[in-house]
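Chains A and B are the protein sequences, given in the same order. Under this note's numbering, read the first sequence as residues 5 to 340, first letter to last. Under this note's numbering, read the second sequence as residues -19 to 520, first letter to last.
Keep in mind that the hints are not guaranteed to be accurate.
Claimed, not checked - Per label pair, the in silico range of CB-to-CB distance:
hint : chain 1 : residue 1 : chain 2 : residue 2 : range
1    : B       : Ala306    : A       : Gln285    : 30 to 36 Å
2    : A       : Lys232    : B       : Trp107    : 19 to 25 Å
3    : A       : Ala307    : B       : Trp384    : 56 to 62 Å
4    : B       : Trp107    : A       : Ala307    : 37 to 43 Å
These are computed hints drawn from the structure, not numbers from a lab. Cβ atoms here follow ideal geometry from the backbone N, Cα and C, with glycine treated the same way.
Letter by letter, the chains look like this.
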Amino acid sequence: MIKKIIGLTAFAATLVAPVFSASADEVNVYSYRQPFLVEPLFNEFTKQSGIKVNVVFAKKGMAERLAREGEHSPADVLLTTDISRLIELQEKGLLQAVNSDVLEAAIPSQYQADDNSWFGLTTRVRNIYTAKRLGDMAISYEDLADEKYRGKICTRSGKHPYNVALVSSMIAEHGEAKTLEWLEGVKKNLARKPQGNDRGQVQAIHQGLCDVSLGNSYYFGKMLNDDKQKVWADAVNINFPNQVNRGAHVNISGVGVAKYAPHKEAAKALLEFLASDKAQQMYAETNMEYPVRAGVKKSALVASWGDFKADDLPLETIASHRKAALKLLDQAKFDL
Amino acid sequence: MIFGQRNTSWLTLSWLIALALLAPVLVMLFTSIGNFGELFSHLWQTVLPTYISNTLLLTFYVSLLVLLFGVPSAFLISQTQLVSAMWLRWALLLPLAMPAYLVAYLYTDLFDYAGPVQRLLRASFGWQSPTEYWFFDLRTLEGAAVVLALVLYPYVYMLTRTALEQQDTSLLRAGRTLGLSARQAMLKIALPLARPAIMVAVTLVMMETIADFATVQYFAVNTLTTAIYDTWLGYGDMAAANALASVLLLFVLFTVVAEQKSRAGQRHQSNRPNFSDDKLALSFGQQVMGLVFCWLLVILGFALPFGLLIAMAIDYAQLEQLGQLAEIGWETLKISAYAATAAVALSLLLALFHRFYPKSVNHLPLQISGFGYAVPGTVLAMALMATFGPIDHWLNDTAAWLDWSKPGLILSGTTFAIIFAFVVRFAAIANGTISAGIGKIPHSIDKAPASLGVGLLATIRTVHLPILKSSVFVAWLLVFVEAMKELPAVLLLRPFNFETLSTFIYQLISDERLEQGAIGAIFIVLFGLIPIIWLNKNKH
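In isolation and in its complexed conformation, chain B is listed as follows (with noise of 0.2 Å):
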């Protein structure tokens, strides 16, 4: 507390950008309440078993193999002289421009009976039918977890590069001068001190795999998430849909307390990050094993679907679309840009409060911002649409009394309830990455200025903020690619003639025809490029 005990300005507008997040999240428990009843119970006694099962095993796949794809490949690019490095550090990030859902169907195409690689198989082999041979079937559990997982580990690799990279290479000197050999330098020392930034990526990826629906849906996996969209759009019982999304939340509160307790205690600052040039060399075989695993994820997560929708963007090329698509385009950038932006101001503002005020009640409204990340985008629309309705209507009475004209539903019909949507659902990754960019400031800093007699907005503008800026950005860019690919709460909030890419896409891939608007899927890998490009060169 060196700026004094209290700074209640500062700490009401904490309180008041969380509640404002958690809102729609409070009315969703509060309609849930007294709703676990007859319906509930027959859907206990039916499927509710097998989705909970499924959402879980499904939770517990992917995060093994983001782990199995992330941490690796990080540990490769940042700490050892693998061939072709260069390529590989921004190669790896692509993935995350693919929507997954985009993966899964190209995938299915590709691997399916009547797809190339088995009719290949079937003509090479001279095999007739189905029965005369296995092939795995994407379609299945295990599949929805490789799909989501190769779009997800990204996140994976990207902290714990960050980590890697930005470690105190005085700690690895030391652990070698008392004889550890640079290999248990590295499994000793670094991979535990970037710990904390590998679970808070594995949780970013178990919450979306919680939210997810489109991919689960396509690939005929009942979680949670179909039931809360089975109750709610086909018994037409929301309160009920909501009972469940409330045991949904109860999963995603679980993940983030085991995480925050997993590394409770532990700080690791450092102002001397770590870009020395006393990488491991690597063994023949072992840069071979390494460029094959590198180089397999990219081509798996990304250069493969991709390349898939080119192909059919060349067969099925309808240029006429391309005005529209520009158009579409143009609006999913903004809205996308409009919250990143709203996204990170806000973490910025809580993450810092928290660093200032460091009581452990201050520490709430950072983690209750982030609890949208894992309500599913469809539970979340109709929860902001329970929330601003009312206000809207008490805004048009007020018009109406004041016989002025009408304003309309200017929260809950505009782009600004979609822009809000994404901001409660991709604040926890806002949050995450710049808490962790906080995190590696050494507190001692935070006293330097005081003791010179400047003032607590002044230190945070010429000492943190700088500091900052690299996290700030990498988490305005991951919400941006975020909320481009984001679909269902788009879905259900948008106004009148009004579209995004994932809308267009999505609606041509429900009805098998996404062919028809390949190019429209190549500009939000494009659009999603762009961000990823960016934070490669902002890198060096």
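Just chain A, with the same shape it has in the complex (with noise of 0.2 Å):
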């Protein structure tokens, strides 16, 4: 019996999955990104460092899992696509800091933390798509609330990071008391309650449901790539918003090294390949993100929607309204 027990429990603990040691030629990210996006670059990666790529995607409570795992946390890198969460990583001690001249030359000075703990990788622009029909136009974060857009707007979730960030912009520029009205405007506007994702609400442009709706820029250019959402892209053309005065909003995609990394000279080795011009050609290329490298091509389809002037509002100020941000949003019952 005691045998079996014994037998059992061997038997058991294989069947687990390998603990992973800690060996000097690989590196851990626990990711954000999708793996269509980062597993190109990362094989990349291996293919001119020798380094493997250990990756978990851990879309949500990343930074709940680093702070439980704390010192015997296997995580070396943290990729995000959204500054808010670089910031709570910043704030909870979770990040080290990577002194590297090759980020600091590669990286522009306002992505960057002043203590070196997250670097920013991609720009990701909210812009707001109108209806072909509608003809071009400019238009504002501001003009969602007009009344002329009654029943006219499609978004996803008011309280996902993107339209968070983007309200955190609002309050930074209007004030909370303004910033509350403004949701309620927008809200009057709505043509269904907010659902599905970037994509989705383009689909429904298409559909007829409305005329307008928000949307990351690098949706566009995916879904132009797309047998079946081509007819959706080809419905609305995309906009950047409040070109006359502060600038289209515009957040990052990042990268910090974990406080207990394991591997941070390979991490720090993959921090510095994602800032590459290889890397970030990459970023445009499969992901249709602007580049943060100084002098790294758009790709050409991103090329042909022009320039715009960026909203230069510092990002730990986006991250700071956060907070205030989801509370007006639950205030106009924005979801509701």
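Taking the hints as your guide, dock the two standalone chains into a single complex.
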């Protein structure tokens, strides 16, 4: 009987996935970014450096997980899609400074943390898509609350990080009271309850359910490259809002090194690779985002949308209004 | 108490199991204490009332619908001479293989304004815009209820059918001799006797509904689960999220207690299962109605969505995915099988303990081990990290102190955590099924071997386990299928380079690109079918 129990225990132990050892030639990544985007990048990195990349696609709860794992965490590198996530990691003390001349030189200073704990890799614009049937037009975020769009606007949940960041930038510009008023105005203009994702809103414009939607720029490119979704994208124009005043709201995707990274050197190498010409070019081409590194060309498609003025509000300011933005969204019952 | 008053080792083991399964829930409750603070009152003043009423309404609608779908179909299959019953018998189980969020996605695609159904309508009637006609909107509370009910009704169908088939026919015959018509005997005797099984099934469905995240999120229906996500991921306030989860737990507690109260004092046992041939004859009209009803359930809950998936896979086939999918599929099957085996073994221990030591306090381990079912996968995952994390830290520190190499996060950072999460979440299913099976074994049987001097373990091995074989098997399969479909816990707990079919597909669905994962989705459904076919074979 005891033999049996020991045998079963040993058997059970083999069932559990192998625990990752701290060998030098690998690096462990917690990623908010999707597999199709980061896998080609990681493959290229492995090809160049011989360092194996292990990934967890931990879209939700990365910070919580890291905090719980503490000093025994296997994580080396953290990839996120939104400035607030980076700041959250920074504020919870889950990152460590990376001192690298390569990174300093490659990434403009406004896209780096003062304490070198995080670095932006790409910028992503919050665009307004409008139905082609409306013709060419200039539009601002403030316009979305205008009565002329009653029943014409579609959006994903207000609580999505991309929208929360936009609302935060509105608070920075107009203050909380005005922003709440704006949110209530936008809510009145909604064609339907907030639902789906950024692509779904363009699809809804194509269907004729609404005329105006919010969406990140790269989705436009991705839809144009998708057989089924091309018709959706063909139904809309992509607009860069607020070009006559503060400019379009911009967020970043970024990267940091975990405080207790067991493979610190490999992690630094990966960061430097992600900021390299080659990787930045891949970001631009594969994901149609705007590379942060100066001199890296946008994809031809992205370039065809034209240049734009970006809001130069510091990213930290956006992140600092985050909770206030969430509360206003609740107060306006935006998603209900 | 035929085998003595106490069995200390069994008692200890039962409580240990129950507490282990309850531990994450306890951790969650403790962290919530004192956290109904400022954020909570903000939520209460703004969105929480709507979330709560949505949760209650959704649970009510889904329960009502699964009863309307599951009980009549079980009755038709087990008690009448319905044409094609031999096919329907198992076909009605097929929707179990469909993850609800998948059906939600496929039906939205089908019934949306741009979908084929509305396009056809517009082309036929010359309508131009959405304002010219009315069409139901699937992305509503009612829509979510219908989709959830379509994939969850098989629980009610299966447990009700089994209960009806295992009833003692002599009771029905007695009813008939006292002047009841065949139909009256069914309504007045058979169905009331099946009520405990029906209630167990409905409770499972309710808990599943309360914990659902992916479907309601896709349909933009904000429930308490949404609030927990918001609070945790949006506000970054784990403690307040735990407080909300505790409110959710109260709902569950209420459900469980209400269910048990509703069948208190009922005891129905039989060792003469009803496989009689005297099934009710149906008139032509009844045949047609019965057939339409049953086949419609099969079509809407399974055939149509599955057909849509196949059509997508043909249009967008990416055959180079197959190797990767086979690998992911194998991993998914493995961890689901481990979870099912563990859950069933633990349930058996707890249920048999209560059977042989039927003090009411001995029912507690069985009851509390099922609590995890209604804890949303995400919350459970966080609670598990909070539970295992410290143990892992202690292990590593100890290893370092002993100058051993550090084992790493062997509990919280490996698939062990996922399997444990599955067991916590789905123990209730195993408990329900196995307890129902045990409940049907007459107590007189327990005493016979003792009177012959046979010991307790031998009695269980030679008498109870063989009788329970089919219940155990059903329980195993149910946990297996549920584990395969479970999403949020895996999303949060997975170790490096680990993917299950659900996470793979969810990734694509959340990006409106299911087409590219259609083959993967078909894999989930096909793997889900294996147990259903098996289930069917073993019933004959």
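Hint check results:
Evaluation of the 30 to 36 Å hint for Ala306 (chain B) and Gln285 (chain A) yields a pass: the beta carbon distance comes to about 34 Å. In this structure the supplied range 19 to 25 Å holds for Lys232 (chain A) paired with Trp107 (chain B), their Cβ-Cβ distance being about 24 Å. For the hinted restraint 56 to 62 Å between Ala307 (chain A) and Trp384 (chain B), the CB-CB distance of approximately 57 Å keeps it satisfied. Roughly 41 Å separates the CB atoms of Trp107 (chain B) and Ala307 (chain A), a value that falls within the hinted 37 to 43 Å.
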